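Let the hints inform the model, and build the full structure from the sequences given.
There are 2 protein chains.
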Amino acid sequence: MSAPFSTTAPLRLALVEDDPELRQLYSDYLCRQPELSCVLLAGSAESFFDQLPDLLQAPQVVLLDVGLPGRSGLDALPRLKQLLPDTEVVMHTVFDDPDRIYQALCRGASGYVLKNQPLADLKAAVLEVARGGAPMSRAVARQVLAHFKPTPTAQAGLLSEREQQVLEGMVDGLGDKQVATRLGLSPDTVRTHVKNIYRKLQVSSRAELLSRHAKGQL
Amino acid sequence: MSAPFSTTAPLRLALVEDDPELRQLYSDYLCRQPELSCVLLAGSAESFFDQLPDLLQAPQVVLLDVGLPGRSGLDALPRLKQLLPDTEVVMHTVFDDPDRIYQALCRGASGYVLKNQPLADLKAAVLEVARGGAPMSRAVARQVLAHFKPTPTAQAGLLSEREQQVLEGMVDGLGDKQVATRLGLSPDTVRTHVKNIYRKLQVSSRAELLSRHAKGQL
DNA sequence: CTCTGCCTACCGCATTTGAGTGATGCCGGC
DNA sequence: GCCGGCATCACTCAAATGCGGTAGGCAGAG
Numbered sequence: 001m002s003a004p005f006s007t008t009a010p011l012r013l014a015l016v017e018d019d020p021e022l023r024q025l026y027s028d029y030l031c032r033q034p035e036l037s038c039v040l041l042a043g044s045a046e047s048f049f050d051q052l053p054d055l056l057q058a059p060q061v062v063l064l065d066v067g068l069p070g071r072s073g074l075d076a077l078p079r080l081k082q083l084l085p086d087t088e089v090v091m092h093t094v095f096d097d098p099d100r101i102y103q104a105l106c107r108g109a110s111g112y113v114l115k116n117q118p119l120a121d122l123k124a125a126v127l128e129v130a131r132g133g134a135p136m137s138r139a140v141a142r143q144v145l146a147h148f149k150p151t152p153t154a155q156a157g158l159l160s161e162r163e164q165q166v167l168e169g170m171v172d173g174l175g176d177k178q179v180a181t182r183l184g185l186s187p188d189t190v191r192t193h194v195k196n197i198y199r200k201l202q203v204s205s206r207a208e209l210l211s212r213h214a215k216g217q218l
Numbered sequence: 001m002s003a004p005f006s007t008t009a010p011l012r013l014a015l016v017e018d019d020p021e022l023r024q025l026y027s028d029y030l031c032r033q034p035e036l037s038c039v040l041l042a043g044s045a046e047s048f049f050d051q052l053p054d055l056l057q058a059p060q061v062v063l064l065d066v067g068l069p070g071r072s073g074l075d076a077l078p079r080l081k082q083l084l085p086d087t088e089v090v091m092h093t094v095f096d097d098p099d100r101i102y103q104a105l106c107r108g109a110s111g112y113v114l115k116n117q118p119l120a121d122l123k124a125a126v127l128e129v130a131r132g133g134a135p136m137s138r139a140v141a142r143q144v145l146a147h148f149k150p151t152p153t154a155q156a157g158l159l160s161e162r163e164q165q166v167l168e169g170m171v172d173g174l175g176d177k178q179v180a181t182r183l184g185l186s187p188d189t190v191r192t193h194v195k196n197i198y199r200k201l202q203v204s205s206r207a208e209l210l211s212r213h214a215k216g217q218l
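Protein sequences, first through last, are from chains A and B.
Each residue of the first sequence is one higher than the one before, counting from 1 in full-length UniProt numbering.
Each residue of the second sequence is one higher than the one before, counting from 1 in full-length UniProt numbering.
No wet-lab data here; the hints were simulated from the structure.
A few of these clues could be false.
The list makes no distinction among identical chains, and a pair is therefore deemed to hold if it is satisfied within one copy or across any two copies.
[To be verified] Derived lysine-lysine pairs resembling DSSO-like cross-links, with alpha carbons at most 27 angstroms apart:
| no. | residue 1 | residue 2 |
| --- | --- | --- |
| 1 | Lys200 | Lys81 |
| 2 | Lys115 | Lys177 |
| 3 | Lys115 | Lys81 |
| 4 | Lys81 | Lys123 |
| 5 | Lys200 | Lys149 |
| 6 | Lys123 | Lys149 |
| 7 | Lys177 | Lys81 |
| 8 | Lys177 | Lys200 |
| 9 | Lys149 | Lys195 |
| 10 | Lys215 | Lys115 |
| 11 | Lys123 | Lys200 |
| 12 | Lys215 | Lys123 |
| 13 | Lys195 | Lys115 |
| 14 | Lys215 | Lys200 |
| 15 | Lys215 | Lys81 |
| 16 | Lys195 | Lys123 |
| 17 | Lys195 | Lys81 |
| 18 | Lys215 | Lys149 |
| 19 | Lys177 | Lys215 |
| 20 | Lys177 | Lys123 |
| 21 | Lys215 | Lys195 |
| 22 | Lys177 | Lys195 |
Owing to the predicted nature of the structure, the values given are computational and were not obtained by experimental measurement.
Below, the structure is given as structure tokens:
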């Protein structure tokens, strides 16, 4: 069939995967798809950036591995998005820890698929992101949503009501005295609450507390 | 037991939709699915809560409309999750504004599908959420991801490269000396950078900085 | 009744942090 | 060449913060 209904040219895809065997496997499969066209194959971020200038047209989608060497995939993301702002990036990795997912999304990834999925899902993810979607594996999507729930686990029951209120003030960027004013307490009382909060949440500074709160690790 | 092919009983689904016509349409379609069993049909949040006690078993999934009357769906969410903590909620609505999505996710929704989708997608979303996923329509997923990119605008160009690195350290919850160690600088140098950052970003404390960073107001 | 946990408040002390000032060197624009 | 911005380091001072303990009142559990 000559694809009489296809209104679009094949999608230009770049594949960055450090394992040569997997790279071969993925490229074999993906390139065989009529909707896709693999314009770049790289085994590292460096190789990817080296090959970029050779392309006539920038890739529309990059499948980016969060490689074994350190976190090269994550490190490369900002530069990639800077060079190719209109290119969609789908992370593709075995790691599903919240922090790595969070980092990837903050750095501009538009999709995050895990590596234990069928090849068809990989293809679907690439097409989906090109259509303006945000493909995410089940576990990843859940992690992302978990990021929105205020504090379903830790702080519930752990912190007393007063401590919650004090915490709220701190999260708003207030100092001890300002929190005290807001709650109509003595600054010393607030200080006591703050100390107890630190102990309960296992942190040892305002900065650490706010940082972890921001990451939803609270 | 009969049902030789089914390892699981049909999924108990509750459908809350204020438009009688749509409710009929959806329930007709969804109840016809062998994997699903509509145990509750409601035209409002009140009706839903009224019918809940009559059920032998709580629904496993609730398809919740963000109804036309105000935002009844959103308002009902916290109560719903409180009564049925283990029930998954999929929002189902025509609204795709960021704030409504954000509110829904914060309040405990695990899925968010728009109303202009094929009925098959609705069914898929229900099954997906029951399997531990987080089904979201394309546009919704993008909104969610957009929520993570905190600072594409302001700080770019405003802060020097060094200052960005120092800021990064602060955001990670580190103190001056720790940032200094990470960057291989004198603590005094870091302190100078911190002061300059405060001036440029118009804040006057670490707490305020981290707070605004968390809110994406940076 | 005792014990525990919470809320309140205070004291003291070491460290961190915010704010000001100054100094050196590098770089780039005018 | 001068000036401004940047990066680096240093010093002071006052305020905020982290950390330890003490202590009375109050409520619920044992």
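Outcome of the hint check:
no.: 1; hint: Lys200 with Lys81; verdict: between (40 angstroms within a copy, 25 angstroms between copies)
no.: 2; hint: Lys115 with Lys177; verdict: neither (50 angstroms within a copy, 39 angstroms between copies)
no.: 3; hint: Lys115 with Lys81; verdict: within (23 angstroms within a copy, 32 angstroms between copies)
no.: 4; hint: Lys81 with Lys123; verdict: within (21 angstroms within a copy, 35 angstroms between copies)
no.: 5; hint: Lys200 with Lys149; verdict: within (20 angstroms within a copy, 30 angstroms between copies)
no.: 6; hint: Lys123 with Lys149; verdict: between (31 angstroms within a copy, 25 angstroms between copies)
no.: 7; hint: Lys177 with Lys81; verdict: neither (43 angstroms within a copy, 32 angstroms between copies)
no.: 8; hint: Lys177 with Lys200; verdict: both (21 angstroms within a copy, 25 angstroms between copies)
no.: 9; hint: Lys149 with Lys195; verdict: within (25 angstroms within a copy, 32 angstroms between copies)
no.: 10; hint: Lys215 with Lys115; verdict: within (24 angstroms within a copy, 32 angstroms between copies)
no.: 11; hint: Lys123 with Lys200; verdict: neither (46 angstroms within a copy, 43 angstroms between copies)
no.: 12; hint: Lys215 with Lys123; verdict: neither (31 angstroms within a copy, 33 angstroms between copies)
no.: 13; hint: Lys195 with Lys115; verdict: neither (43 angstroms within a copy, 44 angstroms between copies)
no.: 14; hint: Lys215 with Lys200; verdict: both (18 angstroms within a copy, 24 angstroms between copies)
no.: 15; hint: Lys215 with Lys81; verdict: both (22 angstroms within a copy, 23 angstroms between copies)
no.: 16; hint: Lys195 with Lys123; verdict: neither (51 angstroms within a copy, 49 angstroms between copies)
no.: 17; hint: Lys195 with Lys81; verdict: neither (42 angstroms within a copy, 30 angstroms between copies)
no.: 18; hint: Lys215 with Lys149; verdict: both (11 angstroms within a copy, 13 angstroms between copies)
no.: 19; hint: Lys177 with Lys215; verdict: both (26 angstroms within a copy, 22 angstroms between copies)
no.: 20; hint: Lys177 with Lys123; verdict: neither (55 angstroms within a copy, 47 angstroms between copies)
no.: 21; hint: Lys215 with Lys195; verdict: both (21 angstroms within a copy, 25 angstroms between copies)
no.: 22; hint: Lys177 with Lys195; verdict: both (14 angstroms within a copy, 22 angstroms between copies)
In this structure, the earlier hints numbered 2, 7, 11, 12, 13, 16, 17 and 20 are contradicted, and the remaining ones agree with it.
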